[in-house]
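**Student:** Next come the chains, spelled out residue by residue.
There are 4 protein chains.
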Amino acid sequence: MSTRVRRLEERDKPVWHTLYKATVPEEVIETTWARLMAGASDFHIALVAVDDQDTPIGLAHVLFHRSTWSPTWYCYLEDLFVDPARRQKGAGRALIEATYREADARGCTRTYWTTQEFNYRARSVYDEVATKSVFVQYRR
Amino acid sequence: MSTRVRRLEERDKPVWHTLYKATVPEEVIETTWARLMAGASDFHIALVAVDDQDTPIGLAHVLFHRSTWSPTWYCYLEDLFVDPARRQKGAGRALIEATYREADARGCTRTYWTTQEFNYRARSVYDEVATKSVFVQYRR
Amino acid sequence: MSTRVRRLEERDKPVWHTLYKATVPEEVIETTWARLMAGASDFHIALVAVDDQDTPIGLAHVLFHRSTWSPTWYCYLEDLFVDPARRQKGAGRALIEATYREADARGCTRTYWTTQEFNYRARSVYDEVATKSVFVQYRR
Amino acid sequence: MSTRVRRLEERDKPVWHTLYKATVPEEVIETTWARLMAGASDFHIALVAVDDQDTPIGLAHVLFHRSTWSPTWYCYLEDLFVDPARRQKGAGRALIEATYREADARGCTRTYWTTQEFNYRARSVYDEVATKSVFVQYRR
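Chains as they are written, first to last, in my numbering: chain A, 1 to 140; chain B, 1 to 140; chain C, 1 to 140; chain D, 1 to 140.
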């Protein structure tokens, strides 16, 4: 059975807030929520995987940005999170597949994301739907 | 002696084209050039490291994009390239430092880039100015 | 509940053979069995995790070898295998802990093993009982 | 021009000691030297790359040990070190190639070694003569 995925809506805020356990200050979370709702083209779209009661059990925040290597767009899946109590049922995979559909709808030439090397549970899913690149990330 | 870095200009096109050995079709290169010159806020800025004759010997294409984890911006150094005949003289480091200054000017909360795991020569420089993250990248 | 671990014995051969799904020719398996039973000091010891009927459900082949960095020995856990149908019950961890006890009994100054980077299920256990080193392995 | 490699000899001790900058207590170094000179089959052989005056400029300590995956032996290159002032002239590669010859002479079915992930200078040589495996190392 595949999980249904839809766009995040205003009424989802309490559940979104619970799911989005960011380790950032509350004001950043409020800013992110406001930007998600504003729907400007330079910010992420938000997708939610929902259960039978249409309650979000997982979320994906997806940014489309320009690349010097693409005439169209790159699709960056910045956040992917599923309620720990609702995992291993396909919600993560459904969110990735919905992200792919959004990328395809915009003609994106690449969809990508990063994850911690030791995030084994997530990587076992990612290995099935994507390819681990040979790129390592540097940060200041 | 530190290398001078400045913004890319129209007159740099022939040298930029030679430096930017992208493995993408010529039309993408033309599109990228046009976008760099247009200077829209959703596209990369281009920095060049220049020699004493003000001729570019290296380039950096830098994108500022929104993040769900930042009230301001993230700074993504997508391309960093130095003429092989002019390497090991600090041009790469000068371009990264110039990128940091651009990021600081915009209040970016993160500056990052990726490189191939086996790009040893570049990584020996990156290790001195940044931190390798524990993140691995997945792609479709 | 902890799994019991004991030394491999002659009567275990049929089960050992089934567990030891080496991708090597049958003759190598026979040679390995003969060497395990011979018990020479330059070959591995074999430990088995057993169920309530004393039937092996997992095995460990452990070599003690000299090192230029140790006055005593290094302990190399070359094979660690648990029947897929009996996993996630602690047999792997029990085998590692028994290996540690054997290493301690010989005064080994290091116990180590390798695993494929993408062997997530095993690594989630290894992360709890050991430390991933920063070493990568080269082979001819 | 290829570097000459020969077996370590008693008279090499002062140079060997200088080259072998182990971060282990002096007593371990003495034990290692004594074992190298004793030449027992369960300990490493020592190879040295020498300059025109037959003075060692680099060393390799190589252990042959049993494996459950081999009817013969595995060859483990535990230490490979070249005087920093004499690098980039082929001594490291010559020592690896001499190790391969020793392994072949014993019918070893694998020759391997490990190195720190960020040891870029060494890895650029290793990439030319061997293959990086997908194995990561765990240690207690």
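Watch out, some of these pointers could steer you wrong.
[Unchecked claim] BS3-like cross-link-like pairs, simulated, lysine-lysine; straight-line CA separation at most 27 Å:
1) B/K89 <-> A/K21
2) D/K13 <-> B/K132
3) B/K89 <-> D/K89
4) D/K13 <-> C/K132
5) A/K132 <-> B/K89
6) D/K13 <-> D/K89
7) A/K89 <-> A/K132
The set of hints was computed from the structure by calculation and includes no laboratory data. Computed from a predicted structure; not experimentally measured.
**Student:** If a hint holds in the structure, say so; if it doesn't, say that too.
**Tutor:** Now for the hints, and whether the structure bears them out:
With a CA separation close to 45 Å, the supplied pair B/K89 and A/K21 exceeds the 27 Å bound. Of the supplied pair hints, the one linking D/K13 and B/K132 is violated, its CA atoms being roughly 40 Å apart against a limit of 27 Å. For the given pair, B/K89 sits about 22 Å from D/K89 by alpha-carbon distance, which is consistent with the 27 Å threshold. With a CA separation close to 35 Å, the supplied pair D/K13 and C/K132 exceeds the 27 Å bound.
In summary, the hint linking A/K132 to B/K89 is not supported, as the alpha carbons are separated by about 33 Å, beyond the 27 Å threshold. Distance restraint check for D/K13 and D/K89: the Cα-Cα separation of roughly 23 Å lies within the 27 Å cut-off, and the hinted pair is therefore satisfied. Restraint check for A/K89 and A/K132: satisfied, since their Cα atoms lie roughly 22 Å apart, inside the 27 Å limit.
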